[in-house]
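**Q** Heads up: the protein sequence lines correspond to chains F and X, in order.
Heads up: the first sequence at position 228 corresponds to 228 in our numbering, and the numbers run straight through without jumps.
Heads up: the second sequence at position 133 corresponds to 133 in our numbering, and the numbers run straight through without jumps.
For the record, the hints were derived by calculation from the structure and aren't laboratory data.
Any given hint could be a false lead.
Repeated chains share a single entry, so a pair holds when one copy, or any two copies, can fit it.
Below 30 Å or equal to it, Euclidean Cα-Cα: the simulated BS3-like pairs (lysine-lysine) are [stated by the list, open to error]:
#1 Lys171 x Lys33
#2 Lys33 x Lys111
#3 Lys33 x Lys177
#4 Lys171 x Lys232
#5 Lys33 x Lys232
#6 Lys177 x Lys70
There are 2 protein chains.
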Amino acid sequence: MQYDGTCYAGFQRQKDVVTVQGVLEDALGRLLKHPVTVRAAGRTDSGVHARGQVVAFNTISSIPPGRIPKGLLGLLPDDIIVDWAGEIALDFDPVKDAVSKTYCYRIWRGKRMPVMAHRYVLWYPGGLDYQLMVDEALDFEGTRNFANFRALGSSAKTTVRRVTRARWVQKDVGGQKNVLWEFWVTADGFLYRMIRLMVGTLLDVGRGYLPAGTVRDALKAAESRNGFRVGKCAPGKGLCLEKVCFP
Amino acid sequence: MQYDGTCYAGFQRQKDVVTVQGVLEDALGRLLKHPVTVRAAGRTDSGVHARGQVVAFNTISSIPPGRIPKGLLGLLPDDIIVDWAGEIALDFDPVKDAVSKTYCYRIWRGKRMPVMAHRYVLWYPGGLDYQLMVDEALDFEGTRNFANFRALGSSAKTTVRRVTRARWVQKDVGGQKNVLWEFWVTADGFLYRMIRLMVGTLLDVGRGYLPAGTVRDALKAAESRNGFRVGKCAPGKGLCLEKVCFP
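So that you can see chain F by itself, here it is in the shape it has in the complex (with noise of 0.2 Å):
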């Protein structure tokens, strides 16, 4: 499924906000008859988008899956869409048997901002060393403890997760040159806004306010169970979850 989450709480289903997984569990019940609780592969964050998330449920109904996407259109808000559905075994679990969730981070740097892009892209005209984000980046590949790349709230057992890659692509947008910056990150898992925050240090080397070598040091005091002053939280509007890979 996919989704513009500039107008939820997140997708996790909270009382009294509007939440992808309410409004969705809300159009499920109301298609096969019964209440339904859905298990997403990724728990996005507040304003964060989604082009491929996986989410699984239990049904009793009679309706082929296949029919379930066309069904749910005319149920569902402009901005959540399921491409597909289909049976799969009943001890699935979209997130235990994930392999990896791949998000991106976009950032507008012209200084002529697009307007139709302002939900989707964060917009960064200042000035920032590129080489110095690609290079810093790298530095988050790998098995690592990402204890100073999370935010307060996160309840995982384990700060360790394995990142396989981390890299910054420049593209070219209606014959500007280099004018979207996108941040590809593919990991087995992610800790409360870890991305956002691995945005947010990247932008604040790259624009020269935390010295080259932030990355690798904050790594590096997690092992030793020490904090590490890290960049701020970027923008969830910019971070969506392209894609999550299974067996």
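Fit chain X to the known structure of chain F by using the hints.
**A** Leaving out everything else, chain X in the frame of chain F:
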């Protein structure tokens, strides 16, 4: 200036609803420290976007015009961006002085809709005869009477407009061939909901609901002051004011 029109009841200031003009004038008033009234080249309708809107206003402020875009950044919401400002002759009128206005209507033809485009593109996966729509659109070109392509509520003195371009363009997106269809239309001016009625008619011809020749017949009927059944008004979200030309 550019704006995402999704959350606005059109450009023009109205009581009790949020409009682009209202929000812009409030921001300009705060920046320039006196009430401001703007005049816009195109009075876009509810939900319609703009990439190339042009507005004019009078001010007694001593702020250099070149500083206005940056000054407005913090005062305007993210869905309205002023790209440029400069001084112009006191008698400049963005409506009367405009030589032409160009709009684009976008339709997504793929089976899978990219959710990040849901505010800016109409999703229309059904069967459409592209060549028929291309031929039919050409009939709009010329100096014609568009009385049958306007909605009630129009107060225009004349319904004759000179359309210099009414063309479809197919575009590839993300490896998918011809998945985005764009209808580009340029004229010296447009009647109330004229473009959306033009697009609605082309879609109805393309899907076989109205016969080929509907456009030609509807324009001809207007010359003898006869009504003619055209297609229904296409949703505002697919429409964008792209460019206004001045001498």
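**Q** Next, verify each hint and record whether it holds.
**A** Hints, one by one, checked against the model:
Proximity of Lys171 and Lys33 under a CA criterion of 30 Å is satisfied in neither setting, with 46 Å inside one chain copy and 41 Å between copies. Taking CA atoms no more than 30 Å apart as the test, Lys33 paired with Lys111 passes between copies only; the shortest distance there is 26 Å, against 51 Å inside one copy. For the homomeric pair Lys33 and Lys177, neither the shortest alpha-carbon distance inside one copy (52 Å) nor that between copies (39 Å) is at most 30 Å. Only within a single protomer do Lys171 and Lys232 lie at most 30 Å apart by alpha-carbon distance; the minimum there is 25 Å, versus 39 Å between protomers.
Taking identical chains as interchangeable, the C-alpha atoms of Lys33 and Lys232 are never at most 30 Å apart, the minima being 44 Å within one chain and 35 Å between chains. For the identical chains of this complex, Lys177 and Lys70 are inter-copy neighbours only, at 23 Å across copies versus 39 Å inside a copy, given an alpha-carbon limit of 30 Å.
Comparing the model with each earlier hint shows violations of hints 1, 3 and 5; every other hint is respected.
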